[in-house]
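Respectively, the protein sequence lines represent chains C and V. Per the working numbering, the first sequence runs over residues 509 to 1335. Per the working numbering, the second sequence runs over residues 4 to 198.
By construction, these hints were calculated from the structure, which means they are not laboratory data. Note that the coordinates shown come from a computational prediction; the quantities given were computed from them, not determined experimentally. Do not rely on the hints blindly, as some may be mistaken.
With a straight-line cut-off of 25 Å between C-alpha atoms, the simulated DMTMM-like cross-links for lysine to aspartate or glutamate are [what the hints assert, rightly or not]:
#: 1; chain 1: V; residue 1: K26; chain 2: C; residue 2: D1166
#: 2; chain 1: C; residue 1: K1092; chain 2: V; residue 2: E41
#: 3; chain 1: C; residue 1: K977; chain 2: V; residue 2: E106
#: 4; chain 1: C; residue 1: K1092; chain 2: V; residue 2: D153
#: 5; chain 1: C; residue 1: K1098; chain 2: V; residue 2: D153
#: 6; chain 1: V; residue 1: K35; chain 2: C; residue 2: D914
#: 7; chain 1: V; residue 1: K26; chain 2: V; residue 2: D165
#: 8; chain 1: C; residue 1: K1015; chain 2: C; residue 2: D1166
#: 9; chain 1: C; residue 1: K1015; chain 2: C; residue 2: D1046
#: 10; chain 1: V; residue 1: K35; chain 2: V; residue 2: E107
#: 11; chain 1: C; residue 1: K1098; chain 2: V; residue 2: E33
#: 12; chain 1: C; residue 1: K1015; chain 2: C; residue 2: E1033
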Amino acid sequence: MPRLRIWPFTLLRRKKEARGPWRCDAAGISPIRFRFNGWRFTGVPGDTLASALMANGMSRLGRSARYRRPRGGTAMVRLRLPGGDVVPLVPAFDVEIYHGLNAWSAYWPLRPAETLYGRLKDRIPALLQRLRIPVRRRIRKEKGAADVEYLALHTDLVVVGSGPAGLRRALDAARAGRDVIIVERDFEVGGRLLYDPAPVEGLSAAEWRRAVLDELAANPRVTILMRTTAISRGGTTRLFAVERLPVPARRGNPYLPLMRRITITAAEMAFETGDPQHSFIFKNNDLPGIFHIRDALSLMVRHAVFPGRRVVLYCNHDDAYRFVEAAGNYGLRLAAIIDARAAVPAPCHRLARAAGVPLYPHHEVVKARGAGALRGIVFRKREVGALHVRFDCDALVQSVDPSLDDLPLPVGGKIRKAFASPREERLFTPGAAPHVTEAVDVPERAPGEPWSELLPSFRLTPFRAAFEKAGARMVVRAGWHVAESFPISGEAAIATARREALAAREKAALADLSASGRLELLGPETGEFLAVIAPAVDWAEMPVGAIATLPLAAPGGETVAELFGWRLGEDHYLLTCHQSFSGKLVETVKTYFESTDYSRILFRDVSDDSAALLLAGPRAEAVLNRALPLAVMDEPLAPMTFRRFTQDGLAITLARLDLTGGVGYGIYTGAGHADFLADLLLEKGRDQHLTLIGALAADILRIEAGGLSAAEFGPVANGREAGLTRPLVGLRVVSPPSENANVTRLAPGMTLHEGDGQEIVGAAIGVITSACQSPLFAGDIALARLDGGDARHGSALRAVDPATGHVVDVRVGPPRFYPPARETRHA
Amino acid sequence: MLERNSPLSGERIHGRFGADAEKPGVIFQEIKDFSYLEIALWGALGEDLESRLGELLGVRSLPEPGRMTPLQGGVLLRPDEVALAFLGRVAAADILAATLTPEEGACVVRSHGVCYLRIGGPNARDLLARGIRLDLREAAFPMMTAAMTDIGGIGLLLMRPDAAQYDLLVARSRALPLWRWLTARAAQFGYEVRS
């Protein structure tokens, strides 16, 4: 018995209780205690939430989401689990009760209050915050936060529905050696067999069901998915279904998800969901308390719950009269039978008479009465001008044979077409729906929810573990999870970057180059192929061990990246690039390969295979001397060359690269040896104050050296096209320094304009592609694409942020800031 | 020769995890001592090369697309029409690489770039069905089958060396998220990580 707390509900509840009992017979069964909308109830094993609540005299369990009409067993509920998980939106008749179940109506309480609450609930916290009233935030998982798992199953036959037809179909297929999956939304297999005692193939329903299930269970080719609802299908081979896992199972195995989204791919699909249940059309035919005959039988036979205490049967065919017998078996005498037919056969009359039930032939229900649940009906004889009769009842069981011609026509009320599918195109009152229904069909449409899981798309460099251990702040950049900086406690990111960049200019620094693009090419035609891709380099004459800088042009002629080309062997080459170009590199080479006739070439993206570090700074050679003595044993490495050697089992490729403007080495080894290399260099470089630097500092070094990234080639932050027709220039800020040293005043996407210190003249003549705060020049510098380019060196321009309108005065110079005296390679 | 560090180091801890069960539903093992070669043959396998490979490694013929062929010290894989690879012992890979002349083909050693996982146990297939869309039933994916596929967008080479086990070859940079996913999903069956 529910314990009630609030007096108006108490009165209502007591009134309902007074009509009981609702349970046919539950003597000797230990009860299951559960909660619904905060109230305590009991049920019995095998109950659904709907049947248990109806056994407690509750017929209205919630409201429909769309029409806000009262709903019975079809009402959606949410299950709140210990720990804050929520199972969202499950029909009450699908929920199997268990000890400790805590369910809430999804659309509750009453409509006006709910609407008001809905309007205010988002505003109240803001209001309280404005009034400076402390708000205790409730952290809980809401809709969609439940643990969902995705599953792909394949089979020869999928059968939706486990009634006699479904089980027979599955059995035949299994006997023929086919893989079968049975999808059943209930928590018990059997469908109609669970409540309809009609014999099947000469056996009683229960015996037949038991025999078939035993055979299916013994066959490893058969999988039965219970508590699984078929949602939609894709063509004739794919079925999308949702499986709700039993909550009590999680007590034994907390690793189970709450639900699974299953994609079943089957050679054949069979929908054995039974005949659709049709409704008579009359006003309010969706009130809680109005049942289809199958649902009423199921409630009574399977769950031992009366659909009501004063039940009316409304039908138009003989078969419906079996309900009179079934009800009689459970001690329920019907209040009336309303038969829409003009001529009701004599056996039906005899049956009604024997049961002591008044029969109204050739009558029709005009409307159902009641606000939240059925209180009575109004019916009349099917004649023009017949008198309307009010009849009190709390349950109406309807059974329609839609094939008969003289179906009652809708009378009064607002009528409309509710379902558009040809099979179910029928008239309904607004919001009307069967009280309890079965899935009559599985629509063909794309499933609305995601049906596969996406894992993080970024990649991890081989130095991730070592750098995280060293205190790196990790970020995702150009698809890689890289160290952004190595901050000292409390240090701002930009200050860290400045400190690290300065270390690279004054002492020695180590940066992760593993995210850079690397494409290995080998084969007898590789040299010729590269000559097509990058004709600026004489690949045939290039000595083994040399590195060349080259622009990569797309087949259309547009330059898309700047690369380093390495000759590793006779027919063996490596192309490397800044990580922002790596996608372009692979894509462009593939395009060339497919559009040319060269076939004797093997090319592979090998960016996963090696670990790469950039060692830069004036003390870099000293670090190398200590850490890798074999590298510099013979003679110093010339710029843009590399050397391969093995030291203590570590296979190393050492390259002298111009990446930072100063002394710089690229050190490569197998990705699996990344930790050895990092440990070795850090240990041996300690005396030289070797500093780990992150991507922010590396970017500063690149910009100071005028190095190119994808930003210099493609769309920049504000979506503008930088345009390679505009030459690259360097910019320095000439405005007075800002008060906050940790704010960079130039940013990618800022446009460049003519103008003096007072105003901006004309349209944009350029755009900033990369910007940073350089510690070496104690100010903001940037790379930009500018009309006129070299001719404007020394001139003053205005950089404008298109989003904020913020203006900064800049001076144009060569794109290479460091080292200042050298010629730039971009001139 | 230095031992390769695993991309899963720090996360791959040996022992039993997940749901309590008498026997683990899934058994994970990372294979570290292996060599992986991606091979390109310029034309059809010449008789000369075939006989040399047969002599040295026991290769009788190239595997059909989607199949694997065992040879001494490893397997030859052909996950699709064009891809050909060797997976196995380092020594066998060296022999294979040395046997191949530039006129016949070329190979790239990718051993450092991939992570090699073996998944066994009674629920291995159930686990993979939570991420892989391929039909893994016996008839569709029998022993000695290989296919390129993905789990949650992470590309991998899936192999079935024997009836009870599946082998996964995944890019090193994507191995850790995949490992976390595998172990999270395997927890419901109970899993064991073996050395």
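Would you pick out the hints that fail for this structure and give their numbers low to high? Result: hints 1, 3, 6, 9, 10, 11, 12 break, sorted rising.
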